[in-house]
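Spelled out from the first residue to the last, the chains are:
4 protein chains.
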Amino acid sequence: MAITNENAGSKGTALIVGGGPGISASCARLFAKEGMIVAVAARKPDKTVLKTLEEDFGIARYQCDASSDQSVEQLFGKVVSDHGTPNLVVHNIDGRVPDIFRKEITEADPDLALQTIRNGAYSAFLVARQATKHMLSGELDDKGSRGTIIFTNASAGIKGYPKSGAFAMACHAKTGLAQSLARELMPKGIHVAQVPIDAAVGWRQEDGTRAHRRMGTDENDNLADSDQIAEMYLHLHRQHRSTWAFEVALRPWVENW
Amino acid sequence: MAITNENAGSKGTALIVGGGPGISASCARLFAKEGMIVAVAARKPDKTVLKTLEEDFGIARYQCDASSDQSVEQLFGKVVSDHGTPNLVVHNIDGRVPDIFRKEITEADPDLALQTIRNGAYSAFLVARQATKHMLSGELDDKGSRGTIIFTNASAGIKGYPKSGAFAMACHAKTGLAQSLARELMPKGIHVAQVPIDAAVGWRQEDGTRAHRRMGTDENDNLADSDQIAEMYLHLHRQHRSTWAFEVALRPWVENW
Amino acid sequence: MAITNENAGSKGTALIVGGGPGISASCARLFAKEGMIVAVAARKPDKTVLKTLEEDFGIARYQCDASSDQSVEQLFGKVVSDHGTPNLVVHNIDGRVPDIFRKEITEADPDLALQTIRNGAYSAFLVARQATKHMLSGELDDKGSRGTIIFTNASAGIKGYPKSGAFAMACHAKTGLAQSLARELMPKGIHVAQVPIDAAVGWRQEDGTRAHRRMGTDENDNLADSDQIAEMYLHLHRQHRSTWAFEVALRPWVENW
Amino acid sequence: MAITNENAGSKGTALIVGGGPGISASCARLFAKEGMIVAVAARKPDKTVLKTLEEDFGIARYQCDASSDQSVEQLFGKVVSDHGTPNLVVHNIDGRVPDIFRKEITEADPDLALQTIRNGAYSAFLVARQATKHMLSGELDDKGSRGTIIFTNASAGIKGYPKSGAFAMACHAKTGLAQSLARELMPKGIHVAQVPIDAAVGWRQEDGTRAHRRMGTDENDNLADSDQIAEMYLHLHRQHRSTWAFEVALRPWVENW
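Chains as they are written, first to last, in our numbering: chain A, 4 to 260; chain B, 4 to 260; chain C, 4 to 260; chain D, 4 to 260.
Source of the hints: derived by calculation from the structure; they are not laboratory data. Among these hints, one or two may not hold up.
If several chains are the same, the list does not tell them apart, and a pair holds so long as it fits within one copy or across any two.
Claimed, not checked - Heads up, simulated SDA-like pairs for lysine to any residue below, C-alpha to C-alpha not over 25 Å straight-line:
(1) Lys81 - His243
(2) Lys191 - Val257
(3) Lys136 - Asp102
(4) Lys162 - Asp49
(5) Lys166 - Leu139
(6) Lys136 - Phe104
(7) Lys81 - Arg121
(8) Lys146 - Arg207
(9) Lys106 - Gln208
(10) Lys14 - Gln77
(11) Lys146 - Asn259
(12) Lys136 - Pro101
(13) Lys136 - Asp114
(14) Lys191 - Ser84
(15) Lys136 - Ser71
(16) Lys81 - Leu139
(17) Lys81 - Leu33
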C-alpha cells in the first residue's frame, strides 16, 4: 500500500482521514499534484474511488476506524513509518447517520445520536491527538510551522438547525475542539483550522458530469465544488504563521444564510 | 420520595437534573418558594444537600444516571407518575471529569474525553428528549407555553479554551443541541434556553459564608452567585411566548471576557 | 414638566430616550408602577402617547435631539436637576429612515445612510457618554451597581440583512458600542446591556386591541409584545452584579432565525 | 497618472482605496505582479510610498477623500475612464483618529467619534456603492464573478474592546455593511468579503527590516505580515463562486484571542 508518487517528499506528507469521492478525493489529487506524499485513511480503503486515486496519483490507502483510539494510533504509526510524520492532516469525516438525520428529537434514536457524535466529533479528537503528538516532535518548516490540522465541518457546526439535534451536537463539538486546539497549538507552531461548508458538496465524476449526494439540481453552482474546497485547504496549509486563518466558511454564491 | 410541598400544584412541576449544592440547590429552593412542586435527580440522591432540601422545602429526590437512556426514561416515568408532567426541566450537569480537565491534548485520555461528552452533552440530549415527549402531550398554559427546558452551560460552550479540548467538545455540543431544539420546539410551544455561566459559581453555605468549588477567593463578587442564577431561570420560565430568550450568558461584573 | 409619580424616589430615576408607543411607553408604565421616577426624552415630547403617560403615570417629558451632543448634554443636566441622577437609562431609538430602508445599495442615498447612523448609533454614543459621566459620580446601590444602561437593538445588530446596508451599519455600530462599554464600565459598577428584538414589536392600544407598525397580522404572537420586553429590562436592572447579563435577544416563538 | 504596467489588462483592474505602506502597498505590488492594472486612491497620493509604487510597479495614483460621496463618485469615474471597471476593489481604510483612540467614554470627544465612523465605516459604504454600480454593469468572468469587494477590518469589528467605543462602532458598522452586502450582492455575482486582522500589521521596509506602526517588538512574528495578507486577498478574488468565503480573520500564531 505504501506507494509514493514520483515527485513527492520535499513538499511533505499529507494524511487525509475520510475517503469519500468529494473533498477527500479532491484534496488527494491536488496535494499529490503539488508534490506531496498523500495517504488516505478510510473505513473501507478498497472502494473504487480510492483504488483509482492510487492508480492515477500514487495515493497510499490505509484502513482505519477513526472512532477507535487504537485504530487511529495504529494508523499514525503506519503512516509515519511508511512516509514520515505528516505535516498536513485533514479530518474529513461527516459522521451523520442516515437513520437519525432530519429526525425530530422525539423520533431520534439515542444510540444513533451517540454514534453520530463518535463518528463526527470524537474521531476528530482522536485524529488531532495523534497528529499533535507526531507534529510536536518534528521540525519547523520555512514558514515557521510544524504542521497543519484542518477539520472539515458543516454549517451545523456554527448554527444548530431543527430536526438534527444529534448532528448539531457532533458538528458543534468539532467546532469547540477546533477552537480549543487552535488556541492551544498555534503558539506551539501547529496551524489548526476548520472549514465549515455551508452547502451540499458537489464533485466531478470521471465522465466530467457533476455528482452530488443530496440535492436535486445539477450543472449549476448551488453546490460547493470539492476541487475548489481543496484549493482553500492548500492555501491554509501554505500560510505563513504571521497570518494564520482559523476558520473559513465556504458557501455557493446563491446560498441563503 | 414523592413528597410534595404544601402550596404546590397550581404553579406546575419542576424537574432539576443534577444535584449539586450550587445552581441545582438554588433552583430547587426558589422554585419551591414560588409554589412549584420540585423534583431533583442526581446520581447520588442521598447526599446531605439533597436531604436538607427535602426536609426544608419538600423537594422530591430521584436517582438517575443521566448518561443512560434507560435511566432517564425511568426517571421521567416516575416523576410524571408522582407529580404530573414537569413544565420546567433544568439540565444542570457540568460533566467535566477532573482527570482530563486542563490537560493538553497529548495528555488527555481518550476514554475520559468520551466520558466528558457523555456526562455533559449526551445526558442533555437524553433529558431533553424525554422532556419533549412528555411536554408535547400536555396543555398550553396561560402564557402560551407547553413548558420550559433550560440548559446550564459554561463559557466553554461559546468559546473553546486551550487545554480543555474534551470539555470544549461537550459544552459546544450542548450549545448545538440547545440551538437545534430551540428552532425545532419553540414553534411547538416549548421554550428552550441555555444559560452559559462565564465564571465559577459560588453559593452560600448554611452558616451564611460563601462556598465555591474551584477558586481561591471568597467573600467578593468574582463568582456567579447561584441564587441569582436561579432568578434568571425563573424569569425565563415565566416569559410570554411573544418574547422568548434563547441564550442569556451571565458573568460577574469583574470578569474579563 | 418635572412631575413625579407618588411613590417614586426610593426606587431611583429612570430615563428613557426615545418616545414611541411601543417599548418606550411600556417601560415608562412598568418602571412607574414599580416606584421609579420616570423621564422620557423625545424629539417631539408633545405627542399624545407621552401626554397620556404624563397624565396617567406622572411621567416627565423632555425634548431632545439625541443625535446632537449639545441636546443630549442639556437633557441630562435637566433630568439630574429635576430628579437626581438616573440609575437606569434606556436608549430606545431605532434610527431607521423610511426613504432608505429596504433599498438596494445602488439605490440607497448616502446622506440618508449617514443620517441612519447618526440617529441610531451615534445617539447611543452620546446618551451613554452622559449617562456614564453622571452614574460614575453616584453611589453603589444595595446590588453593588452604580446604574444600568440598556440599548434596544434590532436583529440587524447581530446579522446584516440584504437591502438594508445603512441600517445594518447603524445596528452593528450600536452592538460594537455596547460591547465596548460593557467591558469598560462593568468593572466600574455600571451594568451595560443590549436587547436585540428579533421581530417587529407589537403593543396594546387603549382599546385593548393590538397595534403594530410594520406587519400585516394581528391578534397573534408573531410580534414581540412591548410589555414583555419591558419586563426583561426591569429584570436586567435588578440583577446583582455577581451575575450580569450583557445581551438578551428576544423573539416570538414562531420566529424563523 | 494613468500609467499601466506592462502585462496588465487581461487580469483585470484592481482599485485599492487607502494608501498606507502596509496592506495597501503589499496588495498593490502583488496584484501588479500578477498582471492586474492597479490603481490606488489616497487622501494624499503624493506620499513617497505611492510614488515608489508608481515607479516600480506602474501603479496609478488617485486623490480621494473616501468619506465624501462626491469624491468617491469622481474617483470611480476617473478609474473606469482610465482603466475600465475595476473587478477587484479593496477598502483598506482604518479610520481611527489618534486623539480619541484608547480613550474612556467619558473622555472621548463626540466630534472625533463621528469622524471615526465617517472615516472607517461610511467611506466603506460609499466605496462599495460605487463599486457595485459599476460591477453590476459588467460581464461575468470565467469564474462566474462580476467582481470582488474586500473590506479590511480590525478585530474590533468582531469584538468591542474597552476604551475604544468609537472605533468599535466604526469597525462593527463595517462588519454589518459587509454582511448585508454579501447577502445582497453574492446572488448577483459580486463576491463580498471582509478580512479582520487580529493584530497590528507589520511590513518590510526598503532595506528589508520590518516596520510597524504601534508595537514595541520587531523581527518576530507577533505582527501580521502585510505581504501575507495580500496573498489571502488574491486568493479570495480568485475563488470560484461555488465556494466563496465571506470572512477570513487572520492572526499571528502567538496572538491571544
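Status of each hint after checking the structure:
In this assembly of identical chains, Lys81 and His243 lie within 25 Å of each other by CA distance neither inside one copy nor across copies; the values are 29 Å within and 37 Å between. In this assembly of identical chains, the alpha carbons of Lys191 and Val257 lie at most 25 Å apart only when taken from different copies (8 Å versus 39 Å within one copy). In the homo-oligomer, the alpha carbons of Lys136 and Asp102 lie at most 25 Å apart only across protomers (19 Å), although the nearest pairing inside one protomer, at 35 Å, exceeds that limit. For a Cα distance limit of 25 Å, the shortest separation of Lys162 from Asp49 qualifies neither inside one copy, at 35 Å, nor across copies, at 39 Å.
Proximity of Lys166 to Leu139 under the C-alpha cut-off of 25 Å is restricted to the inter-copy arrangement: shortest distance 15 Å between copies versus 40 Å within a copy. Taking the shortest alpha-carbon separations for Lys136 and Phe104, only the inter-copy value of 18 Å comes in at or below 25 Å, while the best intra-copy value is 34 Å. With identical chains, the CA atoms of Lys81 and Arg121 are at most 25 Å apart within one copy only, with a shortest distance of 23 Å there and 31 Å across copies. For the homomeric pair Lys146 and Arg207, the shortest alpha-carbon distance between copies (16 Å) is at most 25 Å, but the shortest distance inside one copy (33 Å) is not.
With identical chains, the CA atoms of Lys106 and Gln208 are never at most 25 Å apart, being 31 Å at best within one copy and 42 Å at best between copies. Taking CA atoms no more than 25 Å apart as the test, Lys14 paired with Gln77 passes inside one copy only; the shortest distance there is 24 Å, against 48 Å between copies. Taking the closest pair of Cα atoms, Lys146 and Asn259 come within 25 Å of each other only across two copies (20 Å); inside a single copy the shortest separation is 37 Å, beyond that limit. In this homomeric assembly, Lys136 and Pro101 come within 25 Å of each other (Cα to Cα) only across copies, at 22 Å, whereas the closest approach inside a single copy is 33 Å.
Proximity of Lys136 to Asp114 under the C-alpha cut-off of 25 Å is restricted to the inter-copy arrangement: shortest distance 17 Å between copies versus 31 Å within a copy. Proximity of Lys191 and Ser84 under a CA criterion of 25 Å is satisfied intra-copy only: 24 Å inside one chain copy versus 51 Å between copies. Taking identical chains as interchangeable, the C-alpha atoms of Lys136 and Ser71 lie at most 25 Å apart only when both belong to the same chain, with a minimum of 17 Å there against 33 Å between chains. Taking identical chains as interchangeable, the C-alpha atoms of Lys81 and Leu139 lie at most 25 Å apart only when both belong to the same chain, with a minimum of 18 Å there against 52 Å between chains.
Within a single copy, Lys81 and Leu33 get their C-alpha atoms as close as 23 Å, which meets the 25 Å cut-off; across copies the closest is 42 Å, which misses it.
Consistency with the previously given hints fails for numbers 1, 4, 9, ordered from lowest to highest.
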